[in-house]
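Chain order of the listed sequences is F and E.
For the first sequence, the residue numbers in numbering that gives the first Met the number 0 are 0 to 292.
For the second sequence, the residue numbers in numbering that gives the first Met the number 0 are 0 to 292.
Calculated from the structure, these hints are not laboratory results.
Be careful, since some hints might not be right.
Any copy, or any two copies together, can satisfy a pair, since identical chains are not distinguished.
[Said to hold, decoys possible] Quick list of in silico lysine-lysine cross-link-like pairs, DSBU-like style, CA-CA up to 35 Å:
(1) 122 <-> 280
(2) 280 <-> 43
(3) 123 <-> 280
(4) 106 <-> 218
(5) 43 <-> 241
(6) 280 <-> 247
Values in this document were obtained by computation on a predicted structure and should not be read as measured data.
Protein chains: 2
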Amino acid sequence: MTDKNDKLNLWVTETHKDIVSMGFRAEETLFSKISEYQQVDVIKTAGHGGMLLNDGIVMVSERDEFVYHEMIAHVPLFTLAGPERVLIIGGGDGGTAREVLRHMTVKRVVMVEIDAVVVEACKKHLPSMSGSLDDPRLELLIEDGVKFAEKCNETFDAVLIDSTDPIGPAQPLFDKEFYENISGLLSDNGIMISQSESPFYDPEIQRSMFSNQRPFFKKVHIYTFSTLTYPGGLWSFGFASKGPCPIKDFDPGRVKDSKLETRYYNPDVHRASFALPEFIKNDLAGLIDPVPF
Amino acid sequence: MTDKNDKLNLWVTETHKDIVSMGFRAEETLFSKISEYQQVDVIKTAGHGGMLLNDGIVMVSERDEFVYHEMIAHVPLFTLAGPERVLIIGGGDGGTAREVLRHMTVKRVVMVEIDAVVVEACKKHLPSMSGSLDDPRLELLIEDGVKFAEKCNETFDAVLIDSTDPIGPAQPLFDKEFYENISGLLSDNGIMISQSESPFYDPEIQRSMFSNQRPFFKKVHIYTFSTLTYPGGLWSFGFASKGPCPIKDFDPGRVKDSKLETRYYNPDVHRASFALPEFIKNDLAGLIDPVPF
Chain F
0 MTDKNDKLNL
10 WVTETHKDIV
20 SMGFRAEETL
30 FSKISEYQQV
40 DVIKTAGHGG
50 MLLNDGIVMV
60 SERDEFVYHE
70 MIAHVPLFTL
80 AGPERVLIIG
90 GGDGGTAREV
100 LRHMTVKRVV
110 MVEIDAVVVE
120 ACKKHLPSMS
130 GSLDDPRLEL
140 LIEDGVKFAE
150 KCNETFDAVL
160 IDSTDPIGPA
170 QPLFDKEFYE
180 NISGLLSDNG
190 IMISQSESPF
200 YDPEIQRSMF
210 SNQRPFFKKV
220 HIYTFSTLTY
230 PGGLWSFGFA
240 SKGPCPIKDF
250 DPGRVKDSKL
260 ETRYYNPDVH
270 RASFALPEFI
280 KNDLAGLIDP
290 VPF
Chain E
0 MTDKNDKLNL
10 WVTETHKDIV
20 SMGFRAEETL
30 FSKISEYQQV
40 DVIKTAGHGG
50 MLLNDGIVMV
60 SERDEFVYHE
70 MIAHVPLFTL
80 AGPERVLIIG
90 GGDGGTAREV
100 LRHMTVKRVV
110 MVEIDAVVVE
120 ACKKHLPSMS
130 GSLDDPRLEL
140 LIEDGVKFAE
150 KCNETFDAVL
160 IDSTDPIGPA
170 QPLFDKEFYE
180 NISGLLSDNG
190 IMISQSESPF
200 YDPEIQRSMF
210 SNQRPFFKKV
220 HIYTFSTLTY
230 PGGLWSFGFA
240 SKGPCPIKDF
250 DPGRVKDSKL
260 ETRYYNPDVH
270 RASFALPEFI
280 KNDLAGLIDP
290 VPF
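Construct the entire structure; sequences and hints are all you get.
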């Protein structure tokens, strides 16, 4: 903290549903721009490193981003045997791409981010995430993921929907038509992962998401993880599969052989993340498939 | 929300380590008293029901207390076959006692709460938790748990340390002497559960706790759960055992046979809660024992 800020009580605060708020002590604004789609800010915080906010909603902090990015990437990619082609929708900070690219079997990553300003902000101020965007295996397209999914002719082993909440530019990423198009891009054993909000606060969004996904997949599951920067702490991803089961088809040997160093993910956490508290099972009854432990 | 509050922007806010804060929209103060030990408040919130705060730190909210109380009680009590005698240290709101008393094998619960004002506040304003305190199987003692543990001659199958943070009156509940005395009160197959803080924010407290516990137990484990009202969301309990293993000696049939209705706990969650993210394993290396999945 610089001297001049020692007496400044600066906090960046996000409010959810007007009933709960999270605040992070801030030191200074590193980046602030209004793009075609949203306001994009990077704040230097006192205890959570650099923090990206879109329209005032925390996207990532350097302190805990490893959890989200390890869990969106490694759970599907270690469920598959030798995944080669991965599509990322959103994920402009680069954290998801970074973890995907750590898989040596991956030959090609296409990342479709709608907002060039998010990429610009993260390239300048969050290099530990955005550094991955220069990898030669990655093609970064600045365009609308919904339109991309309509016209794309490639096939992918995994599609990772690393989106914001279903408001603003990300809203159509939660629609039936989009999931149908993504399903069409997947190989016969493909997996789609989708950011699926807070089990405590957003069960109605989850119900809508999963009922929109179900018609186009063999099985739809949900798995959970912990964040420091999203309201309620507990967060989730949807695991929609054309074939592979995240428990039966998961081989912990692949994790060991990869020699990948992680800070959150490991084979025990992989399996445990599919164990659902009773309230989640009840909230999503009939909309998600049980996993065989 | 009453009319008069529609325009009042009232929030109750807790700050942790001066870097993160959690706020909850409030409607009114239901109870506020300074006891011999701490300031005790019950706030009616807009989205989280009644909320108990000791010295401004959130203890429980009606919205999510089921998670904490199911996890502190059912994990040890379903690891044991037919637990009969349970000691609760702290837990003045009554939520832990409520879940313990749902086990039909339990014949006697002794609860030692230091602060009568906490019990008074919860009896008046949080009856869904404190109602259990009238159960004839429960003996409530208003006294210092540390002194109680020194002089007690009874033996218990499980001791649940449902304490506040290691500041103020709860500080000695994290000391070696206390753990040694608790170990002496346990039956040969006894289990001690202790509130063990945030894995993200408080690893130094956890290291101190577990190194203080280890000399007096055969095995010391940690398990995690999610709360809405503690900083960082992810929280933990220590599982210190004189014999039983929370995985090998856990029989899911006991849960089924009990017909106990839960909102968070179930056999899958029981096992999954012991699966530790890499950063927790690293932070507590050498201080906790691995569990055999």
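Outcome of the hint check:
no.: 1; hint: 122 <-> 280; verdict: between (40 Å within a copy, 32 Å between copies)
no.: 2; hint: 280 <-> 43; verdict: between (38 Å within a copy, 29 Å between copies)
no.: 3; hint: 123 <-> 280; verdict: between (42 Å within a copy, 33 Å between copies)
no.: 4; hint: 106 <-> 218; verdict: within (26 Å within a copy, 45 Å between copies)
no.: 5; hint: 43 <-> 241; verdict: neither (41 Å within a copy, 47 Å between copies)
no.: 6; hint: 280 <-> 247; verdict: both (20 Å within a copy, 25 Å between copies)
Consistency with the previously given hints fails for number 5 only.
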